[in-house]
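For reference, the chains in residue letters:
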Amino acid sequence: MYGKKSETVDAEAIKKILDRHKKKAKLALKLCAHCSLCAESCFLYNTRGRKPEYMPSYKMIHSIGRLYNKKGRVDRAGLEEIREIVWEKCVLCTRCYCPLGIDIPEMIALGRRVCRSQNVFPQYTEVENNNRLNNVRRMPENRPAENSPAHFRPVKAA
Amino acid sequence: MLDLLQIGEFVRGPMAWICLTVFLIGNGYQIFNFYRLSRHTNRIRLKRPKRYRKPSARPFSGRDVLISGMARLRVSLVGLDPLMAFVTVTFHLCLLILPLFILEHAALYMINWKFNLWPLVFSQQVADFLMLYLFGCALFFLFRRIVIRRVRVLSTVHDYLMLTLTLVPFITGYLAIHHVTDYAMLITIHILSVELLLIITPFTKFAHMLFFFINRFALAGEYSLAKGRRSW
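Those protein sequences? They're chains A and B, same order as listed.
With our numbering applied, the first sequence covers 1 to 158.
With our numbering applied, the second sequence covers 1 to 232.
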């Protein structure tokens, strides 16, 4: 399904993706006044011991900011660190609020795009995988109609 | 060799106009940039299903508006960090208002443009108080940047430089008003620092001066002060 993960990183491919969104990313990184006022709007920051690594601005600066500063020239370990930020420290709920109007979720999504281009994907433990499968099984379209509450039953075409 | 008087003349004359032009063109470019990078969005109107509507309920009663307004404030910065909200708002208001209504600047408007601002001009005591309050706010920001971990991890040299550059015109102006040292030198530094700020504002982190208003008035969002329709 996915390409093979090589040890080298294709910096040119990363640069191409970054260049496509250069203006917006540059503006976002330039505008960020490092005020940390976005912190409280992140539910992960609030629920995981209020660690600074969960602040939206921190995540943006240390993922897409890092990629831009290095012009896409990051090694595999660097990409793994970015993967941890963009997938494990952010769920892209888009609830983060910046007083200066920076679209932080878009920047995180850009970080994810860069990671995917280099075959770096989220990693799940067995328990997480099972939970995800169970969630899929619980979805209304995947369970028998007779066990579903009336408002969850799929509507049949007339 | 140029003496201080000649430098002062140049700084006060053509240099000021050049800086003001750069400031206006730079801000115009940033507004253009914003409109090019953002897009127009249509307003989403959600309608409550009929069965959830109470016929007797008055949806926009004063009490409802008050409760929803208080709930919004509670989850905004004002509710979460009231001290920071107060200091930030007052600091930025002082930055804008103090230079406009100070007696020394009002005298300049009068001499150069015959524009009388007299009833609105701050007295010396009020101006001094606001100036000291501004320094207090700056100290608060510095303290916050050094002490609070989440701000410290984000801070770079640029942030400290920004704070210093913002304060230089106020410090030199304060010292010049009270004739602490060489007046001519202080005033030249004062004007030069403001001109430097004017030039760099649209192209550095100071651009938040413009984007704060763009965010509040042009971008669609729950904390918008107007019905903005743009989205990134």
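If you're looking for bench data, these hints aren't it; they were derived computationally from the structure.
Any given hint might turn out to be false.
Okay, derived cross-link-like pairs now, DSSO-like style, lysine-lysine, Cα gap no bigger than 27 Å in a straight line [unchecked claim]:
| hint | chain 1 | residue 1 | chain 2 | residue 2 |
| --- | --- | --- | --- | --- |
| 1 | A | K71 | B | K47 |
| 2 | B | K205 | A | K23 |
| 3 | A | K26 | A | K51 |
| 4 | B | K47 | A | K30 |
| 5 | B | K114 | A | K23 |
| 6 | A | K51 | B | K227 |
| 7 | A | K26 | B | K205 |
| 8 | A | K51 | A | K70 |
| 9 | A | K70 | A | K30 |
| 10 | B | K205 | A | K16 |
| 11 | A | K23 | A | K71 |
| 12 | B | K205 | A | K15 |
Footprint (simulated), chain A over chain B, 3 or more residues, beta carbon under 8 Å [to be verified]:
| hint | segment |
| --- | --- |
| 13 | 16–28 |
| 14 | 80–86 |
| 15 | 144–151 |
| 16 | 177–183 |
Positions of the beta carbon are idealized from the N, C-alpha and C atoms, including for glycine.
The hints, checked one at a time:
For the given pair, K71/A sits about 47 Å from K47/B by alpha-carbon distance, which is inconsistent with the 27 Å threshold. Between K205/B and K23/A the CA atoms are separated by roughly 15 Å; this keeps the pair inside 27 Å, and the hint holds. Taken as a hint, the K26/A and K51/A pair is honoured in the structure, with Cα atoms around 26 Å apart against an allowance of 27 Å. Taking the CA atoms of K47/B and K30/A, the gap is about 39 Å. The hint is violated against a cut of 27 Å.
Distance hint between K114/B and K23/A is unfulfilled; the C-alpha atoms sit about 44 Å from each other, more than 27 Å. Only pairs whose Cα atoms come within 27 Å are accepted, and K51/A paired with K227/B is rejected, the gap being roughly 35 Å. Among the hinted pairs, K26/A with K205/B is consistent with the structure: their alpha-carbon atoms are about 11 Å apart, no more than 27 Å. Between K51/A and K70/A the CA atoms are separated by roughly 26 Å; this keeps the pair inside 27 Å, and the hint holds.
Restraint check: the Cα-Cα separation between K70/A and K30/A comes to about 16 Å, which is no more than 27 Å; the hinted pair holds. For the hint pairing K205/B with K16/A, the CA-to-CA distance comes to about 26 Å; that is within 27 Å, so the pair holds. Of the pairs offered as hints, the one joining K23/A and K71/A holds, with about 14 Å between alpha carbons and a cut-off of 27 Å not exceeded. For a cut-off of 27 Å, the pair hint linking K205/B to K15/A stands: about 24 Å separates their Cα positions.
Only when three residues or more bring their CB closer than 8 Å to a CB of chain A does the claim for the segment 16–28 of chain B stand; here the count is 0, and the claim is violated. Counting residues of the segment 80–86 of chain B whose C-beta sits closer than 8 Å to any C-beta of chain A gives 3, which meets the bar of three, so the coverage hint holds. Counting residues of the segment 144–151 of chain B whose CB falls under 8 Å from any CB of chain A gives 4; the rule of at least 3 is met. For a cut-off of 8 Å, the count of residues in the segment 177–183 of chain B with a CB near a CB of chain A stands at 0, and the three-residue condition is violated.
Hint violations for this structure: numbers 1, 4, 5, 6, 13 and 16, all remaining hints satisfied.
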